[in-house]
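Q: Single-letter residue listing:
Number of protein chains: 2
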Amino acid sequence: MSKAQVIDEHAVIHSTFTIEKTYPHPPARVFFGLTDKEMKRRWLIEGEGFEIYEYESDFRLGGADTSRFSFRGGPELTNDTQFQDIIPSRRLVFTYRMTIGGKPLSVSLVTAELLPSGKGTALTYTEQGVYFGGAEDVAGREHGSRVLLDKLGEALGE
Amino acid sequence: MSKAQVIDEHAVIHSTFTIEKTYPHPPARVFFGLTDKEMKRRWLIEGEGFEIYEYESDFRLGGADTSRFSFRGGPELTNDTQFQDIIPSRRLVFTYRMTIGGKPLSVSLVTAELLPSGKGTALTYTEQGVYFGGAEDVAGREHGSRVLLDKLGEALGE
Numbered sequence: 117m118s119k120a121q122v123i124d125e126h127a128v129i130h131s132t133f134t135i136e137k138t139y140p141h142p143p144a145r146v147f148f149g150l151t152d153k154e155m156k157r158r159w160l161i162e163g164e165g166f167e168i169y170e171y172e173s174d175f176r177l178g179g180a181d182t183s184r185f186s187f188r189g190g191p192e193l194t195n196d197t198q199f200q201d202i203i204p205s206r207r208l209v210f211t212y213r214m215t216i217g218g219k220p221l222s223v224s225l226v227t228a229e230l231l232p233s234g235k236g237t238a239l240t241y242t243e244q245g246v247y248f249g250g251a252e253d254v255a256g257r258e259h260g261s262r263v264l265l266d267k268l269g270e271a272l273g274e
Numbered sequence: 117m118s119k120a121q122v123i124d125e126h127a128v129i130h131s132t133f134t135i136e137k138t139y140p141h142p143p144a145r146v147f148f149g150l151t152d153k154e155m156k157r158r159w160l161i162e163g164e165g166f167e168i169y170e171y172e173s174d175f176r177l178g179g180a181d182t183s184r185f186s187f188r189g190g191p192e193l194t195n196d197t198q199f200q201d202i203i204p205s206r207r208l209v210f211t212y213r214m215t216i217g218g219k220p221l222s223v224s225l226v227t228a229e230l231l232p233s234g235k236g237t238a239l240t241y242t243e244q245g246v247y248f249g250g251a252e253d254v255a256g257r258e259h260g261s262r263v264l265l266d267k268l269g270e271a272l273g274e
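Note that the protein sequences, when read in sequence, are chains R and L.
If you number the first sequence the way the working numbering does, the last residue is 274 and the count never jumps.
If you number the second sequence the way the working numbering does, the last residue is 274 and the count never jumps.
Simulated from the structure, these hints should not be mistaken for laboratory data.
Hints are supplied without guarantee of correctness; some may be wrong.
Here are the computed lysine to any residue pairs in the SDA-like style, where the Cα-Cα straight-line distance is at most 20 angstroms [to be verified]:
#: 1; chain 1: L; residue 1: Lys219; chain 2: L; residue 2: Ile129
#: 2; chain 1: R; residue 1: Lys219; chain 2: L; residue 2: Ile202
#: 3; chain 1: L; residue 1: Lys219; chain 2: R; residue 2: Gly218
#: 4; chain 1: R; residue 1: Lys235; chain 2: R; residue 2: Pro142
#: 5; chain 1: R; residue 1: Lys219; chain 2: L; residue 2: Lys137
#: 6; chain 1: L; residue 1: Lys219; chain 2: R; residue 2: Leu177
#: 7; chain 1: R; residue 1: Lys219; chain 2: R; residue 2: Arg188
#: 8; chain 1: R; residue 1: Lys153; chain 2: R; residue 2: Gly273
#: 9; chain 1: L; residue 1: Lys153; chain 2: L; residue 2: Leu193
#: 10; chain 1: L; residue 1: Lys137; chain 2: L; residue 2: Leu272
#: 11; chain 1: L; residue 1: Lys137; chain 2: L; residue 2: Pro204
#: 12; chain 1: L; residue 1: Lys219; chain 2: R; residue 2: Phe199
#: 13; chain 1: L; residue 1: Lys219; chain 2: R; residue 2: Gly178
#: 14; chain 1: R; residue 1: Lys219; chain 2: L; residue 2: Gly179
#: 15; chain 1: R; residue 1: Lys219; chain 2: L; residue 2: Lys219
#: 16; chain 1: R; residue 1: Lys219; chain 2: L; residue 2: Pro204
#: 17; chain 1: R; residue 1: Lys235; chain 2: R; residue 2: Gly273
#: 18; chain 1: L; residue 1: Lys219; chain 2: R; residue 2: Arg206
#: 19; chain 1: L; residue 1: Lys219; chain 2: R; residue 2: Ile202
#: 20; chain 1: R; residue 1: Lys219; chain 2: L; residue 2: Ile203
#: 21; chain 1: R; residue 1: Lys219; chain 2: R; residue 2: Phe187
#: 22; chain 1: R; residue 1: Lys219; chain 2: R; residue 2: Ala251
#: 23; chain 1: L; residue 1: Lys137; chain 2: R; residue 2: His126
#: 24; chain 1: L; residue 1: Lys137; chain 2: R; residue 2: Ala127
#: 25; chain 1: R; residue 1: Lys219; chain 2: L; residue 2: Arg206
#: 26; chain 1: R; residue 1: Lys219; chain 2: L; residue 2: Asp201
#: 27; chain 1: L; residue 1: Lys219; chain 2: R; residue 2: Gly179
Reference listing, derived: stretches of chain R covered by chain L, where coverage requires no fewer than 3 residues with Cβ under 8 angstroms from a Cβ of chain L [unchecked claim]:
#: 28; region: 128–141
#: 29; region: 199–209
#: 30; region: 225–232
#: 31; region: 240–246
Heads up, the beta-carbon is just placed ideally off N, CA and C, and yes, glycines get one too.
Produce the complete structure using the sequences and hints provided.
A: Laid out in structure tokens, this is it:
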């Protein structure tokens, strides 16, 4: 292997994306959906094609979540989340590290901001991340996050 | 207080900056300086004007650092760091939460990449962050990080 290839092997990509979404539920309900252990399990790692090996959640400032799962028979995925800032019904900041098949995939910093919008809630979800694979991981993360936030809406009874 | 002011009170700023710096030491030495508990203490929280109240470091994947200190008689600052990705002498990814005077200040995701450059090391330091105060915090963080990376150079015997 050439030196250039060795260097590329550890190259990273930094990326930021923002998703805006409105839910027909008040901020307290959306915040509950984002943070409650059983609600979160439903939209984050459950559903058709998911197999769950481990899921622990300790929602508090400085607390952590851990999950191990696979999707559609693929390699094991892990998610280790740390809760960094909590303003109930208003703001949630967390960081999370993911691995795939035992290899580092990404580390992300997420800010979820909730504001009243009519009788519902306007969510602004900003994810700043570093990715250890290719550009397809970045595009996949934004798409995947949109899918998860739609699943959150379903879990809330949208 | 008007509703607009209440909303502004919790507004956030997202920002990313990159600092590039070359050290005359090989990557293994720079990595040691970035991660060794006593070396880190020297450039991160020690020196003229600093008062240290607490400093603990547990450098390993999933490990954490905690420090409490003040600078020039100002309010207490805290730094809670989590180590997210470690490739010795090559890459370090960590997240850290800061508070000032008991109030949340910022949460950041840092990627430090080290590459050989002649007999020395080229460091690329990328900080993606969310700030809970004003724009001056963002400018201050970039400036402060440059100062710290210069102090790292001094600690390494630059």
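Q: Now look at each hint and say whether the structure bears it out.
A: Evaluation of the provided hints:
Under the criterion of a C-alpha separation no larger than 20 angstroms, the hint pairing Lys219 of chain L with Ile129 of chain L is consistent with the structure, at around 16 angstroms. Proximity of Lys219 of chain R to Ile202 of chain L is assessed by CA-CA distance (about 12 angstroms); at most 20 angstroms being required, the pair is judged to hold. Note on Lys219 of chain L and Gly218 of chain R: the hinted pairing is violated, with a Cα-Cα distance of about 37 angstroms set against a maximum of 20 angstroms. With a CA separation close to 6 angstroms, the supplied pair Lys235 of chain R and Pro142 of chain R stays within the 20 angstroms bound.
As the CA atoms of Lys219 of chain R and Lys137 of chain L are separated by approximately 29 angstroms, the hinted pair breaks the 20 angstroms bound. A hinted pair counts as satisfied when its Cα atoms are at most 20 angstroms apart, and Lys219 of chain L with Leu177 of chain R qualifies at roughly 13 angstroms. For a cut-off of 20 angstroms, the pair hint linking Lys219 of chain R to Arg188 of chain R stands: about 19 angstroms separates their Cα positions. At most 20 angstroms may separate the alpha-carbon atoms for a hinted pair to count; Lys153 of chain R and Gly273 of chain R meet this at roughly 17 angstroms.
As the CA atoms of Lys153 of chain L and Leu193 of chain L are separated by approximately 19 angstroms, the hinted pair is consistent with the 20 angstroms bound. Restraint check for Lys137 of chain L and Leu272 of chain L: the C-alpha separation of about 14 angstroms stays at or below 20 angstroms, so the hint holds. Distance check on the hinted pair: Lys137 of chain L and Pro204 of chain L sit about 18 angstroms apart at the alpha-carbon level, within 20 angstroms; holds. Taken as a hint, the Lys219 of chain L and Phe199 of chain R pair is honoured in the structure, with Cα atoms around 16 angstroms apart against an allowance of 20 angstroms.
Between Lys219 of chain L and Gly178 of chain R the CA atoms are separated by roughly 15 angstroms; this keeps the pair inside 20 angstroms, and the hint holds. Among the hinted pairs, Lys219 of chain R with Gly179 of chain L is consistent with the structure: their alpha-carbon atoms are about 18 angstroms apart, no more than 20 angstroms. Distance restraint check for Lys219 of chain R and Lys219 of chain L: the Cα-Cα separation of roughly 36 angstroms exceeds the 20 angstroms cut-off, and the hinted pair is therefore not satisfied. With a CA separation close to 15 angstroms, the supplied pair Lys219 of chain R and Pro204 of chain L stays within the 20 angstroms bound.
At roughly 15 angstroms between alpha-carbon atoms, Lys235 of chain R and Gly273 of chain R fall within 20 angstroms of each other, so this suggested pair holds. Our distance criterion of 20 angstroms between C-alpha atoms is met by Lys219 of chain L and Arg206 of chain R, whose separation comes to about 16 angstroms. With a C-alpha separation of about 12 angstroms, the suggested pairing of Lys219 of chain L with Ile202 of chain R holds against the 20 angstroms cut-off. Taking the CA atoms of Lys219 of chain R and Ile203 of chain L, the gap is near 12 angstroms; set against the 20 angstroms cutoff, the hint holds.
Taking the CA atoms of Lys219 of chain R and Phe187 of chain R, the gap is near 16 angstroms; set against the 20 angstroms cutoff, the hint holds. Note on Lys219 of chain R and Ala251 of chain R: the hinted pairing holds, with a Cα-Cα distance of about 16 angstroms set against a maximum of 20 angstroms. Between the alpha carbons of Lys137 of chain L and His126 of chain R the distance comes to roughly 19 angstroms, so the proposed pair stays at or under 20 angstroms and holds. Proximity of Lys137 of chain L to Ala127 of chain R is assessed by CA-CA distance (about 18 angstroms); at most 20 angstroms being required, the pair is judged to hold.
In summary, the hint linking Lys219 of chain R to Arg206 of chain L is supported, as the alpha carbons are separated by about 16 angstroms, within the 20 angstroms threshold. Proximity of Lys219 of chain R to Asp201 of chain L is assessed by CA-CA distance (about 10 angstroms); at most 20 angstroms being required, the pair is judged to hold. The suggested pairing of Lys219 of chain L with Gly179 of chain R holds, with an alpha-carbon distance near 18 angstroms, which does not exceed 20 angstroms. Residues of the region 128–141 of chain R with a Cβ under 8 angstroms from some Cβ of chain L number 3, which satisfies the need for three, so the listed coverage holds.
Note: the region 199–209 of chain R has 6 residues with beta-carbon separation from chain L under 8 angstroms; the three-residue rule is met and the coverage holds. Counting residues of the region 225–232 of chain R whose beta carbon lies closer than 8 angstroms to any beta carbon of chain L gives 4, which reaches the threshold of three, so the coverage claim holds. Given as covered by chain L, the region 240–246 of chain R passes the check, having 4 residues with a CB less than 8 angstroms from a CB of that chain where 3 are the minimum.
Against the hints set out earlier in the document, violations occur for numbers 3, 5, 15.
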